[in-house]
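Q: Each chain is listed here by its residues.
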Amino acid sequence: MSLIRVFLFSFIMILSHNAYSLVFYNQWNQSFEKELVLDCDYGEESICLEVCNEERLCVVKEEVCQNCVANTAQMSDVFTNMGRTYVNTTEIADIDSVIDLIKSGEFVSINSKSLYNMIYEFDSFELRQNFQSLCPVHVGYPVVIFDKLSNGEMGKVRYVGCGDTTYVMDHNSGISSTISELY
Amino acid sequence: MFKILFSLFLAMTISLPTLGKEFDLNPLRFTNRAQCALDSNMPADSVFLIINNVDPGRAFYKLAKLTGSDPKVVTKNGIEVFRYTVINLFQIIHNKLLNRELPLLPSDTTRLERHLPDDYTKFSAKCSGQNSCKSMQSYIQFLWENSERKTSSASKVIKNYELDNFHSKDNYLVEKNFEKEGPKLFCHYLKKFSPLQAHLYGTKPNRKAYEQFAVALDKIDDYLGECDRFDNHENLKVAAYQFDIAGVKEKHWNELGFDYWHSLKTYFSWAFRNASVVRELSNQYYSIFKGLEIENLVMLMPNSCKSIEAPKCNSDLLGQKAIREFAQSDFKTQAFDADIFDGVPNGPQDDLVTDPFTEVNTDILDLSEFDLASQWAQNMTSNLSGTRNTIKNNVVKAVNFINIMSRHFPLQKFEVEFQKQFQTILNSGGNNAAKNELYYLCSEYYFLAHETFSSVRGNLDVLAKTNILDEMVLGFSQKNISELFSYFDIFSKQVIGACSKLSQKEIFDDEFELEKAGYAQWYLDKTAKEKRIQSQFKAKQLEKLSKRVQPLISYKLFESYPTFDNIVCLDASHCARELATSVVEIFRAVTYASSLWAKKDQIASNSGFNPYAERLACKVYDPWFKTKSMIFNLVSDIGQAALTFTTPGLIYGRLGLQPGRVVSFKQLVKEGMIEYDPQMKPQRIVAGLAADFGPLLGVPCKISIANTANNPYENFRFVGISAGTCSSKEEHTTIANSGSDVSDLPVEDRSACAGCQINFEGVATSLTHVAQNVGPIYFLVRGFVRLYKALKDPHNIPRDWEAVPSDIYDTYKKYGYIPERCVKKFRKGRACR
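Chains as they are written, first to last, in my numbering: chain A, 1 to 183; chain B, 1 to 833.
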């Protein structure tokens, strides 16, 4: 009986895993173009089929966002406050919305090794820690996804990919206040 | 005959081997202070282009790491391609503008004298102050795509006319299609600053200056290099170039030059990200280039007193003062004293009041302090970007803080939190540390926001209304500047209200001891700058942390990592004081925004070499003041002389004087038309007057006679000369050629004068007889001497001089030196062979 229970639980876990998991990471190819890679070996083949008509891997071209290779206020804010004001809400993302965003191409993806980072050294330990703090489990290089605005600039933060789980992100919401408790 | 001609030709060729050598450099224009001020209203025809490669370089380095390439190779190659792309795009846009493929975009959409395209005017108004503006982007895209069509430029002109009524005459720099012999753009890589930029080091050139100029021309390869060769670019961080525009009709250029620069900057900004030609130029780096904030990486600076933007008294122009500070070789050690880092900055306009007669054309940007031009440019750009980054980081922190405060600290809760924190003090107790905290809070808010006592409240009110920072920096903020200031405004009323209710004499009694170091750094810098006290603000808040575990507002991270960095603010006073500091940081950024950030849709430019651009535009300096006051002195002194019947030496005119005739004073004396002293011959009068009368002797002036309609007198009394001396190639040869009261005159040396009149009025013969026989000529001489001295003022009477490279070089090569006799000719822009 208990064996059946374990089997059933594992089956449900696999089903839910398949239904909600998506592994993605970003890279630069040898032609110096930015790409977001969807790895369906660990996830759902149907996702890759939907995105690029391939079963195992999708390589989605990602155009560099406007004013992102720059030490602007926005890019400073993103890299210095990742994990502090840019926080994981712990809500698991609706995978269809994530796929729609990726398919539209109107997204910006970054991790702690991002070329857009003009604040920290390349692959700095501190920045890696800030990004890693977004995920409940250890992930080497979590990928954070933002909207891209119609003018090509980086928009609102949307998701963080922590291994095979994608969470919803928010800005300036990870705040605790004791004011209302006291009065 | 043929043989003779051939021998002559051969002899000329041999004896003058270097005649007419071209250097692809515009003539240098030397100016004194007053002329430099006036020149700011003219469009620059020679500019420095400074390319900052630091951020792109960082990106190329990371790109190499991410792709497993050699970082050194990719970084160097990427930087070279970046420079190559910028320079070529500059030249491509220039050619399109000169070839009538792209129309000029009006730099001033309020002007009336020239045609304004309707849609451009409309979009300019609509897009003003916006972070990005799609309609303008589409508009520029259409113009650019039209310029790329494989068709004649005439057909493009027609298409542009159809698009937005661009007029063939008013909206193009040249009237007919571009010809090879017509306008040219010369590009040089700047290796070293040298006498080739002598006009930035001094005013009136002497023989030695011309000789040094000629020597520099002889060794031009030591100072200037080719733009498209990168093997001589030793500096990977910054590169500096010189672009000279030649061959455009002067009148056209003066009328449309500002539109040219405005157009070039606007098209450049758009094309760098969107034009297909950039994809071709930038090769495999295209995707990186598209992400660069190009407006803040490329800077145009006039290589003279002239301007890229028509000077207007606004924050853009005033902000250019900061670039002069960034260019100083000792900026890093002197930055502490710079207003931009002051506790609460006064703003760039303060400099105009405290230093109205600042230096100009005396190497004010420290060019000579650096061996290489790239080192100078690197010093300036690193000081600029370093300051920009410091201020930007503080602003990001400040904006986030106020965003969080406004979301999590309701205004009505302040008083409750305040009373809770200071309960013991309010109950006539409390320790010194708590009293100090209260004291800091109230004094900082009184300073910033008290309706009566605050010295900066008015400035905050004004700056709260500006959107300059929203446009340039704050795209990421949830609230705009106005909303952030508004929150502070209401919050400050709560703080000041609470402070005002305190029984201050009882709380801050005789035993109270103020520890100044606890003030915020901005307050200490503003109120006790000379003491340079290091603020202990953070340390004092940290002391509180050990006693109070639960902060008022904190990041969620605080639960896992209870460090000070994860606290937003501890208690009411800490929250309030951090809010005040945040407002000061935003105030600083708003005050200096236009010094630090380029506009969103245009590459940066400034008038670094001309501090009188803003002084003139803001009416702090009047280049005509000295001229006007000088004339006033002369007329009043002569007036006195004329009114004093016992004063001799009055100058009289004879009846034959023709009103309206343009003639020099010297000529009148020569012709015997005026009398100074009947005992003296005309020649002696001229000689005698030369010392006192100086430059005005040869000035052609219109004769003006009062009461000419019905003049009952035979003689005229000289009552003064009114002259506006403006620009002369040479002292003592002032020529009047403008002004409604002066007729056209030969203007071969292009001097300019506002106007000149020799004024006479009718007097009775008997009166002239009396005056001619009496005493010394005190008043009159005094007037002349004063005029003469005033005209010799080296700074405040506008003057300019020239240096034409090929002429000076030819003379130098012919003689091996510059003869003294040539100096006057060179100053007038003439050759001397």
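Source of the hints: derived by calculation from the structure; they are not laboratory data.
Every value quoted in this text rests on a predicted model; they were computed, and no experiment measured them.
Quick reminder that beta carbons are idealized off the backbone N, C-alpha and C, glycines included.
Wrong hints could be hidden among the right ones.
Unchecked claim - Here are some of the chain A residues that sit facing chain B, going by a computed Cβ distance under 8 Å:
(1) SER21
(2) SER31
(3) SER76
(4) MET118
(5) SER177
Q: Evaluate each hint against the coordinates.
A: So, going through the hints one by one against the coordinates:
1. A hinted interface residue such as SER21/A counts as satisfied when its beta carbon comes closer than 8 Å to some beta carbon of chain B; here the least separation is about 26 Å, so the hint is violated.
2. With 8 Å as the threshold, the beta carbon of SER31/A comes within range of chain B, its nearest partner Cβ sitting at about 6 Å, so the hint holds.
3. Restraint check, SER76/A versus chain B: the minimum CB separation of about 5 Å is within 8 Å; hint holds.
4. A distance limit of 8 Å between C-beta atoms decides the matter here; for MET118/A the minimum to chain B is near 6 Å, and the interface restraint holds.
5. Because the beta carbon of SER177/A sits about 5 Å from the nearest beta carbon in chain B, less than 8 Å, this interface hint is met.
Checked against the numbered hints listed earlier, the structure breaks hint 1 alone; every other hint is satisfied.
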